[in-house]
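Protein chains: 2
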Amino acid sequence: MSRSALDVSQTKDFPAWYQAAVREADLAEESGVRGCMIIKPWGNGLWERMKAILNGAIEATGHENCYFPMLIPLKHFEQEAQHVDGFAKEMAVVTHHRLKVIDGKLQPDPEAKLEEPLIVRPTSETIIGSAMSRWVRSYRDLPLLLNQWANVMRWEMRPRMFLRTSEFLWQEGHTAHVDEADAMAETERMLGVYRDFAVHALALPVIDGHKPEHERFPGAVETLTIEAMMRDGKALQSGTSHYLGTNFAKAQNIQFQDDQGEWKHAHTTSWGLSTRMIGAVIMAHGDDDGLRLPPRVAPQQVILVPMLKGGEADEAIKTYCQELAEALRAQSVFGEALRVRVDLDADKAQNKRWRWVKKGAPLICEIGARDVENGKVAFLRRDALRTEDGKINSQVVEREDFPAMAAAALTEIHTALYDRASTFLAEHTHQVESFEDMVALFKSGEPAFAKLAWSRPTGEALETVIKRLKDHQLTVRVAPFDQGEVRGKCVFTGDQAVENIIVAKSY
Amino acid sequence: MSRSALDVSQTKDFPAWYQAAVREADLAEESGVRGCMIIKPWGNGLWERMKAILNGAIEATGHENCYFPMLIPLKHFEQEAQHVDGFAKEMAVVTHHRLKVIDGKLQPDPEAKLEEPLIVRPTSETIIGSAMSRWVRSYRDLPLLLNQWANVMRWEMRPRMFLRTSEFLWQEGHTAHVDEADAMAETERMLGVYRDFAVHALALPVIDGHKPEHERFPGAVETLTIEAMMRDGKALQSGTSHYLGTNFAKAQNIQFQDDQGEWKHAHTTSWGLSTRMIGAVIMAHGDDDGLRLPPRVAPQQVILVPMLKGGEADEAIKTYCQELAEALRAQSVFGEALRVRVDLDADKAQNKRWRWVKKGAPLICEIGARDVENGKVAFLRRDALRTEDGKINSQVVEREDFPAMAAAALTEIHTALYDRASTFLAEHTHQVESFEDMVALFKSGEPAFAKLAWSRPTGEALETVIKRLKDHQLTVRVAPFDQGEVRGKCVFTGDQAVENIIVAKSY
Numbered sequence: 074m075s076r077s078a079l080d081v082s083q084t085k086d087f088p089a090w091y092q093a094a095v096r097e098a099d100l101a102e103e104s105g106v107r108g109c110m111i112i113k114p115w116g117n118g119l120w121e122r123m124k125a126i127l128n129g130a131i132e133a134t135g136h137e138n139c140y141f142p143m144l145i146p147l148k149h150f151e152q153e154a155q156h157v158d159g160f161a162k163e164m165a166v167v168t169h170h171r172l173k174v175i176d177g178k179l180q181p182d183p184e185a186k187l188e189e190p191l192i193v194r195p196t197s198e199t200i201i202g203s204a205m206s207r208w209v210r211s212y213r214d215l216p217l218l219l220n221q222w223a224n225v226m227r228w229e230m231r232p233r234m235f236l237r238t239s240e241f242l243w244q245e246g247h248t249a250h251v252d253e254a255d256a257m258a259e260t261e262r263m264l265g266v267y268r269d270f271a272v273h274a275l276a277l278p279v280i281d282g283h284k285p286e287h288e289r290f291p292g293a294v295e296t297l298t299i300e301a302m303m304r305d306g307k308a309l310q311s312g313t314s315h316y317l318g319t320n321f322a323k324a325q326n327i328q329f330q331d332d333q334g335e336w337k338h339a340h341t342t343s344w345g346l347s348t349r350m351i352g353a354v355i356m357a358h359g360d361d362d363g364l365r366l367p368p369r370v371a372p373q374q375v376i377l378v379p380m381l382k383g384g385e386a387d388e389a390i391k392t393y394c395q396e397l398a399e400a401l402r403a404q405s406v407f408g409e410a411l412r413v414r415v416d417l418d419a420d421k422a423q424n425k426r427w428r429w430v431k432k433g434a435p436l437i438c439e440i441g442a443r444d445v446e447n448g449k450v451a452f453l454r455r456d457a458l459r460t461e462d463g464k465i466n467s468q469v470v471e472r473e474d475f476p477a478m479a480a481a482a483l484t485e486i487h488t489a490l491y492d493r494a495s496t497f498l499a500e501h502t503h504q505v506e507s508f509e510d511m512v513a514l515f516k517s518g519e520p521a522f523a524k525l526a527w528s529r530p531t532g533e534a535l536e537t538v539i540k541r542l543k544d545h546q547l548t549v550r551v552a553p554f555d556q557g558e559v560r561g562k563c564v565f566t567g568d569q570a571v572e573n574i575i576v577a578k579s580y
Numbered sequence: 074m075s076r077s078a079l080d081v082s083q084t085k086d087f088p089a090w091y092q093a094a095v096r097e098a099d100l101a102e103e104s105g106v107r108g109c110m111i112i113k114p115w116g117n118g119l120w121e122r123m124k125a126i127l128n129g130a131i132e133a134t135g136h137e138n139c140y141f142p143m144l145i146p147l148k149h150f151e152q153e154a155q156h157v158d159g160f161a162k163e164m165a166v167v168t169h170h171r172l173k174v175i176d177g178k179l180q181p182d183p184e185a186k187l188e189e190p191l192i193v194r195p196t197s198e199t200i201i202g203s204a205m206s207r208w209v210r211s212y213r214d215l216p217l218l219l220n221q222w223a224n225v226m227r228w229e230m231r232p233r234m235f236l237r238t239s240e241f242l243w244q245e246g247h248t249a250h251v252d253e254a255d256a257m258a259e260t261e262r263m264l265g266v267y268r269d270f271a272v273h274a275l276a277l278p279v280i281d282g283h284k285p286e287h288e289r290f291p292g293a294v295e296t297l298t299i300e301a302m303m304r305d306g307k308a309l310q311s312g313t314s315h316y317l318g319t320n321f322a323k324a325q326n327i328q329f330q331d332d333q334g335e336w337k338h339a340h341t342t343s344w345g346l347s348t349r350m351i352g353a354v355i356m357a358h359g360d361d362d363g364l365r366l367p368p369r370v371a372p373q374q375v376i377l378v379p380m381l382k383g384g385e386a387d388e389a390i391k392t393y394c395q396e397l398a399e400a401l402r403a404q405s406v407f408g409e410a411l412r413v414r415v416d417l418d419a420d421k422a423q424n425k426r427w428r429w430v431k432k433g434a435p436l437i438c439e440i441g442a443r444d445v446e447n448g449k450v451a452f453l454r455r456d457a458l459r460t461e462d463g464k465i466n467s468q469v470v471e472r473e474d475f476p477a478m479a480a481a482a483l484t485e486i487h488t489a490l491y492d493r494a495s496t497f498l499a500e501h502t503h504q505v506e507s508f509e510d511m512v513a514l515f516k517s518g519e520p521a522f523a524k525l526a527w528s529r530p531t532g533e534a535l536e537t538v539i540k541r542l543k544d545h546q547l548t549v550r551v552a553p554f555d556q557g558e559v560r561g562k563c564v565f566t567g568d569q570a571v572e573n574i575i576v577a578k579s580y
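Residue numbers (my numbering), protein chains in the order written: chain A, 74 to 580; chain B, 74 to 580.
No lab work stands behind these hints, which were simulated from the structure alone.
Hints are not guaranteed to be accurate.
One copy or two, either will do: identical chains are not told apart, so a pair holds if it fits within one copy or between any two.
Below, a list of computed lysine-lysine pairs in the DSS-like style, where the Cα atoms sit at most 25 Å apart [stated by the list, open to error]:
#1 Lys186 with Lys162
#2 Lys562 with Lys124
#3 Lys173 with Lys186
#4 Lys173 with Lys323
#5 Lys178 with Lys421
#6 Lys337 with Lys540
#7 Lys540 with Lys178
#8 Lys162 with Lys178
#9 Lys578 with Lys323
#10 Lys323 with Lys307
#11 Lys148 with Lys186
#12 Lys464 with Lys578
#13 Lys449 with Lys421
Predicted, not measured: the structure shown is a model, and the values here were computed from it.
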């Protein structure tokens, strides 16, 4: 049994492994609509878990959820040329509001052409800013702290499940403040919420810090980011928080009277986290047997597979499983009752085991007639599925001990996944002293983040840096908050270094 | 204080009252995008509460949530001419996937015209049916029980907040079954879920039953509905559940092999409930002082308004409120901790009282320095805000008694709202024996449902009935499950009656 569950390994072909992992876990599939995917129950359950936890943190920091229209008039985008030039040109454009059968063929009715096209929102700064301009009058109305959970659309020519899809689901926070200090504090607070969410909900170690100027969100004065390392060494930008200065407030006319009666522009922020994070969970924790889900977001935490033989013992096995499930649900972990499923599908127990292994369920129990007789539970821990020689690592414990042990194991699994990913990140982050060393590092084919010092060049010097990096498919991911010592000369310009940065390939 | 909080009364101008109620409760506002509204925090909180309760019931009946693309290729609609002819012609059509500045003006890029237009989903039978055709192979795959929470779009020429908006939020269930019996059982089960949700979550009495054939969902073999009576006597269709026979399965090719190896078409159902239900809550429970929210779905159940004077006593009042809030949160009702908010906004206590009255918060407490000294709590019950002569009905109780009393009061408020609406429905439902009596009933201007017997005419006779009703802005709402005795002759045809039906004006 040393063959892995997926038919392609991470080291052999990571992109193919990713596709197989998504497919075999039954997370999502192509829809036939270009760039849009169907999120299936296991993938949707994962997102709902993520949503519940992150939403709690967003509400606990004083934000209120609302819902804005998905269609935005074209003129909103005209007001913000910079916004459009930046990233938002590839958008779905609604031009008609009716279908009609013409010449026997169903088509847009020419008589129902919209006077002004509507855009399916790629993000909602413009429409929310326009509402803020009506809602904000006085400094007493600030801060205005809004969030929405929504679907958004950015036309993708080269889509990839969860990582880059034309339609995706996310939350977008939009806030307005009296001054820069308050807005920057918010920008940092929300990045902290994302970091804590990554660490505590997803067992995902991240590097938090600033984006360099040329990687900022268009129109932002400051973009903060959390970057995670995938098992192939690529970086995945996992959540960003933007301080927008008064740029959007000026474009949208968000003004307030301060306590002296003077009219001022508000300082705004925005921050978002999307279904892309499902991709991060897959690629940071998965192995050649498929997904390994962090227990806090796993839709089901313990799976009970009754090993039925079609004989007399079957009823007793089912009853044993149902009673065990109840005992498990009476336990709690991370402040909630355990999520437990008894898999009664009509399929072989062996197939079911592997289905749940590939789905990444944290604990999988297999209950046969012998276990019922002897009052035992045999189980697999998905994070430690195999022994060093590749054999399946099944454990057997007393039935009465299992519920408490399962709750404890879920906490341990979270920690084990986090520690493994942290070690991986640490071991594959290398300080480099020269451009050549950096190129050699990435040429080696090993997973790698390069940590290096630079002089934060601008203008033409920066253009040169960007181009030299691009030639090797590299980008500056982040200038970490945790700078440590900044030593020596800039790897690019030879000038005195002022900042440490992380350079990597990325999704 | 006998003047009401809203400046227009229900009896004087119900549509204007409705607009005022929505505006003054700060539930939602126009967005500037035709037919689309912004759902503000209080309205969104109401929907999130409704969603959580209904979702629990949908999952408890074995359904799994998933998420399908919002853009549907035009060809899916061609396959179902009947579907399109029925209701779905007014749809938002995406024709381009890029914007470009041409002649100095931002517009759809002619070079990015889609080969096939995409439709923003008006409902998802087609795209989900297409997925089901891939997922269903054997009778073992059935029943397939899916649900999604999504935004949908149906172009509205005469939009009205919550009741008729171009974009709205809903859940749509889609299921496939081996035969008619199983699919009809599902159709009935889900209507039961909607009825229980209306009664237990929204305190809304409803009449459940069948739609007559001519009022069915296009393509449905059977449409079940729950109908509620608004305070103006109009009916609001509050949730529908459709048995689609094999119509959609044939169009979408959803086939399975039965246990004899024979290929058969699945029998499908669909059922949906939308943000329209917020309109039902407003119009069934509201009064001339604004909203009266059923406690289970009220975003906040108890509001504490500290009556601050800007003096030394203020801190003690705030502390008293915070401690009281904690004591209230330690109580539970409907199986959850009480939702409590201390309103510390910078505004006069009097204004805050009326704001929360209009928002419909079930319990509103006003805490002044005297209450702190004497250990008292003064509160208003929103469902019994005024005495018979119109005075505000404020009660004072001991601080220590209040938390348990508040929890009990919330249950009572639910029951009181339900009972009041039930009495209203019963008192305004009249048996009529002739068409003339029915016309006279609705001409009276009083809120009314007419209950009458008919012969269930078909063909031309039915067309005549529909037209005669339409002349008085009436429709057949439902043939109730609870038929009682069917007596005498059909009110329309004079033939022997076979069924009792409810006729009313409607939203």
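Results for each hint:
1. Taking CA atoms no more than 25 Å apart as the test, Lys186 paired with Lys162 passes in both settings, with 21 Å inside one copy and 14 Å between copies.
2. Taking the shortest Cα distances, Lys562 and Lys124 never come within 25 Å of each other, neither inside one copy (44 Å) nor across copies (57 Å).
3. When the C-alpha separation of Lys173 and Lys186 is checked against a cutoff of 25 Å, the pair qualifies both within a copy, at 12 Å, and between copies, at 19 Å.
4. When the C-alpha separation of Lys173 and Lys323 is checked against a cutoff of 25 Å, the pair qualifies only between copies, where the shortest distance is 23 Å, while the shortest distance within a copy is 42 Å.
5. In this assembly of identical chains, the alpha carbons of Lys178 and Lys421 never lie at most 25 Å apart, being 49 Å within a copy and 63 Å across copies at closest.
6. In this assembly of identical chains, the alpha carbons of Lys337 and Lys540 never lie at most 25 Å apart, being 40 Å within a copy and 60 Å across copies at closest.
7. Taking CA atoms no more than 25 Å apart as the test, Lys540 paired with Lys178 passes in neither setting, with 50 Å inside one copy and 31 Å between copies.
8. In this homomeric assembly, Lys162 and Lys178 come within 25 Å of each other (Cα to Cα) only across copies, at 13 Å, whereas the closest approach inside a single copy is 30 Å.
9. With identical chains, the CA atoms of Lys578 and Lys323 are never at most 25 Å apart, being 36 Å at best within one copy and 48 Å at best between copies.
10. For a Cα distance limit of 25 Å, the shortest separation of Lys323 from Lys307 qualifies neither inside one copy, at 37 Å, nor across copies, at 46 Å.
11. For the identical chains of this complex, Lys148 and Lys186 are neighbours both inside a copy (16 Å) and across copies (20 Å), given an alpha-carbon limit of 25 Å.
12. Taking the shortest alpha-carbon separations for Lys464 and Lys578, neither the intra-copy value of 34 Å nor the inter-copy value of 70 Å comes in at or below 25 Å.
13. Taking the closest pair of Cα atoms, Lys449 and Lys421 come within 25 Å of each other only inside a single copy of the chain (21 Å); across copies the shortest separation is 66 Å, beyond that limit.
The structure fails hints 2, 5, 6, 7, 9, 10 and 12 (numbered hints given earlier, in ascending order).
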